[in-house]
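Participant: So the protein lines, in turn, are chains A and B.
So in the working numbering, spot 104 of the first sequence is number 121, and the numbers just go up one at a time.
So in the working numbering, spot 77 of the second sequence is number 233, and the numbers just go up one at a time.
No lab work stands behind these hints: they were computed from the structure.
Predicted model, so just to flag it, every value in this text is computed and none were measured.
It is possible that part of the hints are untrue.
Claimed, not checked - Under 10 Å between C-beta atoms, here's a sample of chain B residues computed to sit facing chain A:
id, residue
1, S168
2, L202
3, F246
4, A251
5, L257
6, T261
What the hints assert, rightly or not - Distance condition first, Cα-Cα at most 30 Å in a straight line; then the derived BS3-like pairs of lysine-lysine:
id, chain 1, residue 1, chain 2, residue 2
7, B, K214, B, K224
8, A, K28, A, K74
9, B, K198, A, K32
10, A, K74, A, K34
11, B, K205, B, K225
12, B, K198, B, K214
13, B, K198, A, K28
14, B, K225, B, K214
15, B, K214, A, K74
16, A, K74, A, K32
17, A, K34, B, K214
18, B, K198, A, K74
Claimed, not checked - Short, incomplete list of chain B residues facing chain A, as computed with Cβ under 7 Å:
id, residue
19, F259
20, G260
21, G262
22, R264
Here a beta-carbon is modelled for each residue, glycine too, at the ideal position from N, C-alpha and C.
For reference, the chains in residue letters:
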Amino acid sequence: GAGVSQSPSNKVTEKGKDVELRCDPISGHTALYWYRQRLGQGLEFLIYFQGNSAPDKSGLPSDRFSAERTGESVSTLTIQRTQQEDSAVYLCASSLGLSPMGDTQYFGPGTRLTVL
Amino acid sequence: AQSVTQLDSHVSVSEGTPVLLRCNYSSSYSPSLFWYVQHPNKGLQLLLKYTSAATLVKGINGFEAEFKKSETSFHLTKPSAHMSDAAEYFCVVSALGTDKLIFGTGTRLQVFP
């Protein structure tokens with residue numbers, strides 16, 4: 018596609034429910050990233066994929082958070098037993114993944130998650 | 157560990173006047189540095205990036221930034237603000253050996269007519 022897409026754009030859920038957030042990266046981009054942006058704050062790194070493997074999961078805030086990527090394309094971020102503090106905008110980015118540093122990341126529009 | 161500090165949470169300027177958004181970085185190596193812009197209800201867009209080439213980096217929409225190692229700064233400037241520049245600006249550093257981005261807390265730029 019022309020850019021990174023994410024779905025849904027908005028998700029309202031009740032505390033304790035599970036949610037799945039989807040990211041479609043730019044075609045041909047091998048690297049994929051998930052970030053979280055809480056209200057009025059900068060982005061926090063969650064997890065990074067190179068191909069289908071996740072060499073860096075250091076940003077996942079708890080074991081309720083998990084992510085997978087299949088076919089070096091679509092990625093799903095799953096949050097189990099959601100809590101109110103999980104409310105945030107979840108952003109996905111992709112890059113060519115050719116260089117260890119300085120590779121431009123292209124961001125999707127985000128999924129706004131609200132946990133009631 | 158790498159980090160960036162954005163010195164101003166809010167900056168207000170009049171249209172047509174210069175813009176200065178300040179950023180200091182902390183890194184034990186020569187970093188890759190970026191500025192991203194986020195307009196309301198829109199995704200993040202890369203303005204410019206520094207990756208150890210020229211220290212003065214030109215970006216889109218007339219923005220530029222200068223890497224100053226002696227001052228550990230990477231301030232964003234524009235000679236003349238436009239109303240459409242009103243947005244949130246993030247200074248970003250790339251973590252060592254990876255493309256993991258570390259974001260500053262952001263500076264909200266307001267432009268008055």
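Participant: Taking the hints in turn, state whether each one holds.
Facilitator: We went through each hint and held it up to the structure:
Below 10 Å, beta-carbon pairs count as interface contacts, and S168(B) has none with chain A, the closest being about 17 Å; its hint is therefore violated. Taking 10 Å as the C-beta contact cut-off toward chain A, the hint placing L202(B) at the interface holds, the least distance being around 6 Å. A least Cβ separation of about 6 Å between F246(B) and chain A falls short of the 10 Å threshold, and the interface hint therefore holds. Checking A251(B) against chain A: minimum C-beta separation of about 8 Å stays under 10 Å; hint holds.
This hint holds: L257(B) has a C-beta 6 Å from the nearest C-beta of chain A, less than the 10 Å allowed. Restraint check, T261(B) versus chain A: the minimum CB separation of about 5 Å is within 10 Å; hint holds. With a C-alpha separation of about 15 Å, the suggested pair K214(B) and K224(B) falls inside the 30 Å cut-off, and the hint holds. Of the pairs offered as hints, the one joining K28(A) and K74(A) holds, with about 24 Å between alpha carbons and a cut-off of 30 Å not exceeded.
Restraint check: the Cα-Cα separation between K198(B) and K32(A) comes to about 27 Å, which is no more than 30 Å; the hinted pair holds. For the given pair, K74(A) sits about 23 Å from K34(A) by alpha-carbon distance, which is consistent with the 30 Å threshold. Taken as a hint, the K205(B) and K225(B) pair is honoured in the structure, with Cα atoms around 15 Å apart against an allowance of 30 Å. Only pairs whose Cα atoms come within 30 Å are accepted, and K198(B) paired with K214(B) is accepted, the gap being roughly 23 Å.
Note on K198(B) and K28(A): the hinted pairing holds, with a Cα-Cα distance of about 17 Å set against a maximum of 30 Å. Between K225(B) and K214(B) the CA atoms are separated by roughly 17 Å; this keeps the pair inside 30 Å, and the hint holds. For the suggested pair K214(B) and K74(A), the alpha carbons sit about 33 Å apart, so the restraint of at most 30 Å is broken. For the proposed pair K74(A) and K32(A), the alpha carbon gap of about 24 Å is at most 30 Å, so the pair holds.
At most 30 Å may separate the alpha-carbon atoms for a hinted pair to count; K34(A) and K214(B) exceed this at roughly 46 Å. Distance check on the hinted pair: K198(B) and K74(A) sit about 26 Å apart at the alpha-carbon level, within 30 Å; holds. About 4 Å separates the beta-carbon of F259(B) from the nearest beta-carbon of chain A, less than 7 Å, and the hint is met. Hint status for G260(B) relative to chain A: holds, with the closest Cβ pair at about 6 Å, below 7 Å.
Hint status for G262(B): holds, given a least beta-carbon distance of 5 Å to chain A, under 7 Å. With a cut of 7 Å, the hint placing R264(B) at the interface with chain A is violated, because the nearest CB-to-CB distance is about 9 Å.
In summary, the structure is inconsistent with hints 1, 15, 17, 22 from the numbered list given earlier, while agreeing with the others.
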